[in-house]
Structures are given as structure tokens and as C-alpha cells.
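S.K.: Chains as they are written, first to last, in my numbering: chain A, 2 to 228; chain F, 296 to 376; chain X, 296 to 376; chain U, 2 to 599.
Check each hint, because a few of them may be wrong.
Derived lysine-lysine pairs resembling DSBU-like cross-links, with alpha carbons at most 30 Å apart [what the hints assert, rightly or not]:
#, chain 1, residue 1, chain 2, residue 2
1, A, Lys-43, U, Lys-346
2, X, Lys-336, F, Lys-306
3, F, Lys-356, U, Lys-26
4, F, Lys-356, X, Lys-306
5, U, Lys-8, U, Lys-201
6, U, Lys-430, U, Lys-508
7, U, Lys-201, U, Lys-63
8, X, Lys-336, X, Lys-356
9, U, Lys-26, U, Lys-201
10, U, Lys-8, U, Lys-63
11, F, Lys-306, X, Lys-356
12, A, Lys-43, A, Lys-223
13, U, Lys-8, U, Lys-26
14, U, Lys-508, U, Lys-72
15, F, Lys-356, X, Lys-336
16, F, Lys-336, X, Lys-306
17, F, Lys-336, F, Lys-356
18, X, Lys-306, F, Lys-306
19, X, Lys-306, X, Lys-356
20, X, Lys-336, X, Lys-306
21, U, Lys-215, U, Lys-8
22, F, Lys-306, F, Lys-336
23, F, Lys-356, X, Lys-356
24, F, Lys-306, F, Lys-356
25, X, Lys-336, F, Lys-336
26, U, Lys-201, U, Lys-72
27, U, Lys-201, U, Lys-215
Keep in mind the hints are simulated off the structure, nothing from the lab. No experiment lies behind these values; they were computed from the predicted model shown.
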Amino acid sequence: MSAARVGVVTFPGTLDDQDAARAVRLAGAEAVPLWHADHDLKGVDAVFLPGGFSYGDYLRCGAISRFSPLMTELIPAAQAGLPVLGTCNGFQILCEAHLLPGALTRNEGLHYICRDQRIRVESTRTAWTADFADGQEIVLPIKHGEGRYVADAATLAALEGEGRVVFRYAGGNPNGSLNDIAGIANEAGNVVGLMPHPEHAVEDLTGAPSVDGRGFFTSILKRLVNA
Amino acid sequence: MARVIVDVMLKPEILDPQGQAIARALPRLGFSGVSEVRQGKRFELELDGPADEAALSEVRKMAETLLANTVIEDFAIHVAE
Amino acid sequence: MARVIVDVMLKPEILDPQGQAIARALPRLGFSGVSEVRQGKRFELELDGPADEAALSEVRKMAETLLANTVIEDFAIHVAE
Amino acid sequence: MALDSVKRAQETPEERQPYAELGMKDDEYQRVREILGRRPTGSELAIYSVMWSEHCSYKSSKVHLRQFGTKAPESEALLVGMGENAGVVDVGDGWAATFKIESHNHPSYVEPHQGAATGVGGIVRDIMSMGARPVAVMDSLRFGGADQPDTRRVLPGVVEGISHYGNCLGLPNIGGEVVFDPCYIGNPLVNALCVGLLRKDQIKLATAPGPGNKVVLFGARTGADGIGGASVLASATFEDESQAKRPAVQVGDPFMEKLLIECCLELYQADVVVGIQDLGAAGVSCATTELAAKGTGGMRVDLNLVPLRDPSLRPEEILMSESQERMMAVVTPDDIPAFMAICDKWDVPATVIGEVTDSGRLVMTWDGEVIVDIPPGTAADEGPVYERPFHEPAGQAALNADGPERLPRPADLRETLLTLLGSPNLGSKEWVTSQYDRYVRGNTVLAQPADAGMLRISEAMPGAEETTRGIALATDGNGRYARLDPYSGAQLALSEAYRNVAVTGAKPLAVTNCLNFGSPEDPEVMWQFSEAVRGLADACRTLGVPVTGGNVSFYNQTGSTAINPTPVIGVLGVIDDVARRVRSGFPEAGLRVLLLGE
Ligand SMILES: Nc1ncnc2c1ncn2[C@@H]1O[C@H](COP(=O)(O)OP(=O)(O)O)[C@@H](O)[C@H]1O
Numbered sequence: 002m003s004a005a006r007v008g009v010v011t012f013p014g015t016l017d018d019q020d021a022a023r024a025v026r027l028a029g030a031e032a033v034p035l036w037h038a039d040h041d042l043k044g045v046d047a048v049f050l051p052g053g054f055s056y057g058d059y060l061r062c063g064a065i066s067r068f069s070p071l072m073t074e075l076i077p078a079a080q081a082g083l084p085v086l087g088t089c090n091g092f093q094i095l096c097e098a099h100l101l102p103g104a105l106t107r108n109e110g111l112h113y114i115c116r117d118q119r120i121r122v123e124s125t126r127t128a129w130t131a132d133f134a135d136g137q138e139i140v141l142p143i144k145h146g147e148g149r150y151v152a153d154a155a156t157l158a159a160l161e162g163e164g165r166v167v168f169r170y171a172g173g174n175p176n177g178s179l180n181d182i183a184g185i186a187n188e189a190g191n192v193v194g195l196m197p198h199p200e201h202a203v204e205d206l207t208g209a210p211s212v213d214g215r216g217f218f219t220s221i222l223k224r225l226v227n228a
Numbered sequence: 296m297a298r299v300i301v302d303v304m305l306k307p308e309i310l311d312p313q314g315q316a317i318a319r320a321l322p323r324l325g326f327s328g329v330s331e332v333r334q335g336k337r338f339e340l341e342l343d344g345p346a347d348e349a350a351l352s353e354v355r356k357m358a359e360t361l362l363a364n365t366v367i368e369d370f371a372i373h374v375a376e
Numbered sequence: 296m297a298r299v300i301v302d303v304m305l306k307p308e309i310l311d312p313q314g315q316a317i318a319r320a321l322p323r324l325g326f327s328g329v330s331e332v333r334q335g336k337r338f339e340l341e342l343d344g345p346a347d348e349a350a351l352s353e354v355r356k357m358a359e360t361l362l363a364n365t366v367i368e369d370f371a372i373h374v375a376e
Numbered sequence: 002m003a004l005d006s007v008k009r010a011q012e013t014p015e016e017r018q019p020y021a022e023l024g025m026k027d028d029e030y031q032r033v034r035e036i037l038g039r040r041p042t043g044s045e046l047a048i049y050s051v052m053w054s055e056h057c058s059y060k061s062s063k064v065h066l067r068q069f070g071t072k073a074p075e076s077e078a079l080l081v082g083m084g085e086n087a088g089v090v091d092v093g094d095g096w097a098a099t100f101k102i103e104s105h106n107h108p109s110y111v112e113p114h115q116g117a118a119t120g121v122g123g124i125v126r127d128i129m130s131m132g133a134r135p136v137a138v139m140d141s142l143r144f145g146g147a148d149q150p151d152t153r154r155v156l157p158g159v160v161e162g163i164s165h166y167g168n169c170l171g172l173p174n175i176g177g178e179v180v181f182d183p184c185y186i187g188n189p190l191v192n193a194l195c196v197g198l199l200r201k202d203q204i205k206l207a208t209a210p211g212p213g214n215k216v217v218l219f220g221a222r223t224g225a226d227g228i229g230g231a232s233v234l235a236s237a238t239f240e241d242e243s244q245a246k247r248p249a250v251q252v253g254d255p256f257m258e259k260l261l262i263e264c265c266l267e268l269y270q271a272d273v274v275v276g277i278q279d280l281g282a283a284g285v286s287c288a289t290t291e292l293a294a295k296g297t298g299g300m301r302v303d304l305n306l307v308p309l310r311d312p313s314l315r316p317e318e319i320l321m322s323e324s325q326e327r328m329m330a331v332v333t334p335d336d337i338p339a340f341m342a343i344c345d346k347w348d349v350p351a352t353v354i355g356e357v358t359d360s361g362r363l364v365m366t367w368d369g370e371v372i373v374d375i376p377p378g379t380a381a382d383e384g385p386v387y388e389r390p391f392h393e394p395a396g397q398a399a400l401n402a403d404g405p406e407r408l409p410r411p412a413d414l415r416e417t418l419l420t421l422l423g424s425p426n427l428g429s430k431e432w433v434t435s436q437y438d439r440y441v442r443g444n445t446v447l448a449q450p451a452d453a454g455m456l457r458i459s460e461a462m463p464g465a466e467e468t469t470r471g472i473a474l475a476t477d478g479n480g481r482y483a484r485l486d487p488y489s490g491a492q493l494a495l496s497e498a499y500r501n502v503a504v505t506g507a508k509p510l511a512v513t514n515c516l517n518f519g520s521p522e523d524p525e526v527m528w529q530f531s532e533a534v535r536g537l538a539d540a541c542r543t544l545g546v547p548v549t550g551g552n553v554s555f556y557n558q559t560g561s562t563a564i565n566p567t568p569v570i571g572v573l574g575v576i577d578d579v580a581r582r583v584r585s586g587f588p589e590a591g592l593r594v595l596l597l598g599e
């Protein structure tokens, strides 16, 4: 059978699309470039919204991107079950698009932070985390200025109660995120957003001192192949 | 041609680290008497036409959909004199 | 206890990339009739005492030294009703 | 309001012109009059004053910098040497690297965030204009004492500016320096380096050949950025009280620059660019005169066509504006539609503002009248050259005689060690480096805490052929050594950067440098400068690495007190197989530790 096709979206100002495509390829899938201005998902099996400063992060991170033509296609597709992973700016766009609840706000320390961060996998019941073990600690780079997850009390309670907190910062909360949240999922578990960068942790030579990011891609591939 | 202002502030229950940092810095700089600081955004929109009902209702829509993220922010609109 | 607002805007001759990006986005989102957008900051200060002459002159000093970067920004102070 | 056209200049030969206010000397102004055979128009004066400024013409440094050429070692790697926007070296397997370091010192003192940010923006555009994809940045920073109050204003702003601009462009920051010394208190040094990669056969040059080819200005609209000087001119010439205060500060838009990068690369890919130039300090003046001078020799420009952010700008101000994120390209008429389509795709405004001619003259019009008519080479290449006097500083011998043997021996070694460890210059720089993205683009093999950064080449441009190669870069400088002996101080800086590259396993290939000094009008500073250049040129010859480009920053002084002479040297090397890079640090227990060298 033909390889799974994972779309990688480029908005103006997206930065990690090349890394995301590389990570998809290394996992054995086909990376399909998707352009923000096209009303076309090119029939992909899953979508990766990479990080960056789309539209310069002007106004609010992700605020302008979420209105792009591609997003008008992606939003209903995601609601209908298409697996979508958003990292960093991608996570911010997913929140702005209301595919995920809550919002990402300025880091508590008020600085952009780039560092290798320990993360605890809290849920393996999503399309993108099945290959991890519950409670597993992994190391991924974070690099953001606005990664402090906030949501109202009811939303937080629902996320916690329904097991939709997928990742939590371990060994110190870098940005003041509520409940140490690093990543969450929608109810169906097909849409996942997180601030850390799995695509920067897939090779020995470059990126973070771990290859823990590979688990995201093996998870989605197994899911697509078995589907 | 009119100018309309949209003020966007974080909802009161949302932590505002920028405002807090300023509040903490003030005493160090020798300023006293300020108990709290909140930092928000101010947008000045130049309209092509007058700031009539129709225009303001458009601005309201812009504020709701784009200028403010109503999950965490409140906004207020007023016409500049 | 009074609330004082400090509005800080980039000076008119200084490039405002954020405002420009918003202005360019509006037509794509179906909003017309806005010829220019400038984005600035709004600070809400809660004072311990009343917003009298002395307090406002302190706020002016805060604005000059901390809240605004007067190399590129102007500010305006007013008391919230 | 009277427009100062060429016609008017001919009719009013004796009208007083504010050349002194624009920083021009009497004899320089006289030379312009001789070149033109009349007084210059206000716009022409604007062009000559910026092009002949120290910053653009290197008039005080040129006679010394020539040694980088005359003493240059044989180098097979050198593809483009000094004189272009940036030098280009062959790194093998069909790949070339281009790199350069540049200062943005004074703007970073005035407005730390924007000054440093636009410093990064400027050097990145230099690299883009060579036809390369920028792939990484480095920053070499010097501040006053860590405990001095102004450092608290300057340092966080500078770091935030570099962080914001560089991160937003998606360029990994792979190294740099942070140095504290009270001598930099009124004159912080912000030196930014950018490196780019390109295919060897795709080098672009700043040239405008082919009469009939179109001149396209693309990127941000032109505003009143950094034209404090020009307003002197406009108001002096026109007594126009509408000249609001013009900002000396340039504000950057990294998002526009990111779009420009992607747009330029697609333009290169589509092969629709004949010549290209970034708009730096002297904006449209510099781009038009340099492109025209290096091409067929003539160009016609309609300044009314320059898209403006501020419609009140006068032609003189447009010519001097330092608005960021702009580029100028020469494009054949047939390629214009394809060129415009690519700009449109990336939301980059682009406008044809003129045409290449074979007239040998750069002619500009405003409202239909000719306001500039000059031989472009006279502005671009034939600026004044000074043989500034220099002599050894009065206290130099005494300074050197005051050796370490005269210092008291420390009684308590433990105390001394703790003091050293606690000193800002030896302390962790993580507060700075953690604000920089070192991972983006996924090719960073070494970054902090390594002493040199290293990048994998193969995936820099998707679709290009595979190579196992990588490039390594380091920047180093030491103003205290250079103060004691500028000749060997420059050599020490070079050898430190050279060693830092070599220990990663890479072979050093080429050198860039940023020479930060006080006023060239002070003979003692000029001596420091000439010694440092001589030292660097000699050492480059000995080590077999050519200088491919760089930047001189003079006037880093407060009153008559200059900073320590501070040559900052960048070295680029190539490694055949990136997988074999050597990390610093002890990887495991039980290994032998050897000391190499004397
Ligand atoms: N301004 C800077 N920008 C980027 N990297 C920096 C900067 N300053 C220091 N670094 C990096 O931080 C690390 C430690 O720097 P430093 O303490 O100066 O090391 P050393 O003393 O070994 O030269 C190095 O990898 C260096 O490249």
C-alpha cells in the first residue's frame, strides 16, 4: 500500500515546516506541503501545523492565520475526525480556531525561552501519542514567548476530568502554564496541540539531545496504516 | 473619516504577568501609591466614513472575531473625539 | 481609590508593523472601510489614593520612565470615570 | 514649494546649501561641484552626503583595509572576495557559503531593542542579496559594567531585539559573545553575523547591466526612518515648517523580512533576477548608485513611484530614508510578470521605479522635473579617501610597562577563584542564549555551549543534492588585549576564532571582521586601527585564510574617551562529514586528557 500522507501547513511566517516535513519523512510517511492560501487539503490523511511566527505573531499568536483559506477547510475536517497535530504556533492557531479550548498567553517570565524540557505524557489515547507509555517522561525542546496555557475553571476541570491533558511539564514549569499543561487534545483525541517541538527531537545529529519526538510520528503512522 | 478606539484588556481572572512586572518595578523606581497595574492593548482604527451605527457594528464584529480573543479578553469600543 | 489609564501609542512617524498586518488582514476577513490601524498599549493603574494633581504628576513620571519608551512612543493619561 | 531641480540649481549657482549639517567637509562639497560642473541639487547633495559618509565610503579606513587584499593568502576556496555585499567561499560538493559580520552599535545605544533588531535585519539582507538562503546568525555583544545602571537598560533591550528579530526569521542563533567592560558604557557594541548557503553557480551580484531592464523596489514601503539628517536638508532648502520631527530610530518588521527571504529565494529559483542589492544605511541612494555604477552605467528612476508609508516625504528624504526590509532588483522586461507574481504570492509589495540605461548617468525625476543627474560611480566608488594621521598613544609604553608582576600576589586562592567564577565575564550566558532559538531549520549540529556553531549543509535547501559536509563558525574578540597591543590583539582574536572552529573538526577557510574603534580623527585611535588591521592582515596570511568582508565602526566614543579598540573576528570553516564533529566537554569517564601546544 502507498505511504501515509501527512500534510504540513505553511503560513506566511511559518518556520518549522521544513523540520516537520523531515520528521514525517524520517518516520516513513510522505510529507505533503499545504499552502495557507489554498482551499485544498490535497486529500492528506493527517495534518501537522508547525511552529513559527505566522503573520509575525502580530496581534496575537495565531490570530490572523486561523482565518486563512486552508483553515476554513481544515476546521470542519478536524471536527469530522482528521488527525491534526499543532506544535507551538500550530497549537496557538488550533486554540484561536477553537478546535482546542483555552488560550496561550505571554510566558510568566516575560521572556522567550529556548531549552530542552522534560515532559510527562499523560494520555496515550490520542491519535498522536499511542506509541508512548502513560506517564512516560520525554525530553523535547521548547522555544516560545507565549506558551502559558490558560482556560477558565470549568474548561480546566473538563480537560482534567476527561483525560484530555496530554502533556505536562516535568521538572519545572517554564512558562506558568495552568496545571503545568504542555499539551491538550480535543474530545475525540484526533486534534492535539502542544508547545514543545517533537519535530526538533528526531535525529541524533541535530536538535534536542533526545529522539523522543519520533513517538508522535510512529503513533500517527500506525494509526493511519491500521485504519 | 472617523477614528474609533478598541481597548482590549485581559479578563480580570486571567493572570497578567506584564502588569504584575510593572507593579513590582514601580516601588524599586521610587514610585509608590499604585496597588495594581493591568496591561492591555489599544487599537486605533481610521474609518473611511463616519462612525455611524453601521460602522460601529462592523467594528464590534472585528473586535469579537479578530482584535480580541474573547476566551481571555474583554473589549470596549469608543469613538475618538 | 482611583483608576488612571495610560495609553501608549507609537509616534505617528514610526513604523507599526502590527497595525499594518491587522489592516492588511481585515479585507481578507471581509471587513472593509478601515483605512489604517495602529496598535498600542493601554495600562490601567489602580491608585491607593485619589487621582489628584500630585498623583497624576507621579503617573506622568511613571509613564515617561517606565510605561512608554519616549524615543518611539507617545503617551496620554486620563482618569477613568 | 520650490522643487530644487537641476534646472533650478543651474539658475541659482550660489544658493547656500547645508552640506556641513549633513556632515560634509568644505573640500568634499567643492569636489561635488566640480564633478557636476554646478552646485548639486538638494537631492544630489543627499546622495553624495550619505554615500561619502564614513559609514558608506570607508574614507578613513580604506587605505588600511587594502592590506586584506594585498597580503591575502592564496585561497582556492574564495569565490567572491571583498567589495561585494558579502564574500563567498567554496565549501565543496557544489555548495558555497557567504557570511559577514556587521555592527549596529550606535542605534542599539539609542533604542536597544530596535537598534539590535534592525542590525540583525540588515546583515541578513546582505546575505540574501548574494543569492543565498540565510541559515544562521551569531551575535557578539559588549556592554558597560554589569552593575552600571545603563547596562540594565541596554542589555535586556539588545538581547530581546536580537531574540525577537532572529527568532521570527527562523534563523538559529549558533553562537556569540557577551562581554562586560566599563569602557563600553556609552558605546555598547552590537555586532551581528549572518551566514548563508547557496549553490556555487547561483551567486548574485549587485549589478545593473542591460539597458531597458527594469529597476524594481520591493519589500516595505518607505517611511521617515533614520532621516534626522535629511530633514535638515529639506527644511533648510525649503523652509518648510511641515517637516515634523523625523525619527532617527528605525523600526524593524521581522515578519516582512521573513517574507522577503522566502520571496527572494523563489525569485532566484525562477531565475528572474539580473542583479540585486539590499537597501541598507543609505537606502535608495546607495542601491541606485551602486547598481548603476556596477552595471551598464546608467539608470533612470522616477522617485514619485517609490511607495511611501508617509506621503509627506520629500525626494531628499526618500533618498536618505533607512526604512528596513527593502530590496532593489534589476529584472528584464520579459520577466517582470513572473517577478511580480512571486512577490504577490508572498504578499511583498513590489514596484517598478525605473530603468537601466546606457547614458552613464543616474537620472531621477520628481513631478516630472529632473532632480538628480550624476555619474553614479562618483557617488558609489569615487568618494574621498583620507590618509588620516596616526601615532602611538602617549601612554602606550607606560601602559605596557605596567605588567602583572607588579600586582600583589593573592593571599587566598579560594577567594580569588570564587571572585573569578562570580564575575560577569566568566558567568553563564544562559540568560542571553536561552532567549535565542538554536534549533529552528533542524540543521544545527553545534550551538551553545560549544565555542563554535556548526550547521549541516545537505538539507539547507530542500531538493538540492546530498552532502555529508557542514560549516562551522566562531566569533571572538578581546578589547583589553587590543588596547595593550592592537597588532597582536587582532591576531589573538583571529587565532581564538580559528582555534574554536578547528577544534570542532572543521578546517578554517575564511575570515570576516567587524572593527569597532573610536574616532578616526584622533591620531591615537587611528594608530590602534592601523595596527589592528596590519596585525589581522599579517595573521590571515600566515594562517592561509583570506578576509572576505567585514565592517568598520568608528566614532565609538564618549567625548574624547574612546572604547578599547575592539576587532571582532569571525572565522568560517568546513567539515567533510558533520557526523564526525567534535563536541567540547568530557563525554565520559576514564578518557585521557592531553594538553596540546606550549
Ligand atoms: N551573545 C551571544 N549569542 C549567542 N550565543 C552566545 C552569546 N554569548 C555567548 N554565547 C554562547 O554561549 C556559550 C558560552 O559562552 P561563554 O561563556 O562566552 O563561553 P566561553 O567563555 O567558553 O567562550 C558559547 O557557546 C557561546 O557561543
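S.K.: It remains to establish, for every hint, whether it holds in the given structure.
M.R.: Now for the hints, and whether the structure bears them out:
no.	hint	result
1	Lys-43(A) with Lys-346(U)	19 Å, holds
2	Lys-336(X) with Lys-306(F)	16 Å, holds
3	Lys-356(F) with Lys-26(U)	59 Å, violated
4	Lys-356(F) with Lys-306(X)	27 Å, holds
5	Lys-8(U) with Lys-201(U)	48 Å, violated
6	Lys-430(U) with Lys-508(U)	27 Å, holds
7	Lys-201(U) with Lys-63(U)	29 Å, holds
8	Lys-336(X) with Lys-356(X)	17 Å, holds
9	Lys-26(U) with Lys-201(U)	43 Å, violated
10	Lys-8(U) with Lys-63(U)	35 Å, violated
11	Lys-306(F) with Lys-356(X)	27 Å, holds
12	Lys-43(A) with Lys-223(A)	21 Å, holds
13	Lys-8(U) with Lys-26(U)	25 Å, holds
14	Lys-508(U) with Lys-72(U)	21 Å, holds
15	Lys-356(F) with Lys-336(X)	21 Å, holds
16	Lys-336(F) with Lys-306(X)	16 Å, holds
17	Lys-336(F) with Lys-356(F)	17 Å, holds
18	Lys-306(X) with Lys-306(F)	28 Å, holds
19	Lys-306(X) with Lys-356(X)	18 Å, holds
20	Lys-336(X) with Lys-306(X)	12 Å, holds
21	Lys-215(U) with Lys-8(U)	26 Å, holds
22	Lys-306(F) with Lys-336(F)	12 Å, holds
23	Lys-356(F) with Lys-356(X)	37 Å, violated
24	Lys-306(F) with Lys-356(F)	19 Å, holds
25	Lys-336(X) with Lys-336(F)	4 Å, holds
26	Lys-201(U) with Lys-72(U)	25 Å, holds
27	Lys-201(U) with Lys-215(U)	26 Å, holds
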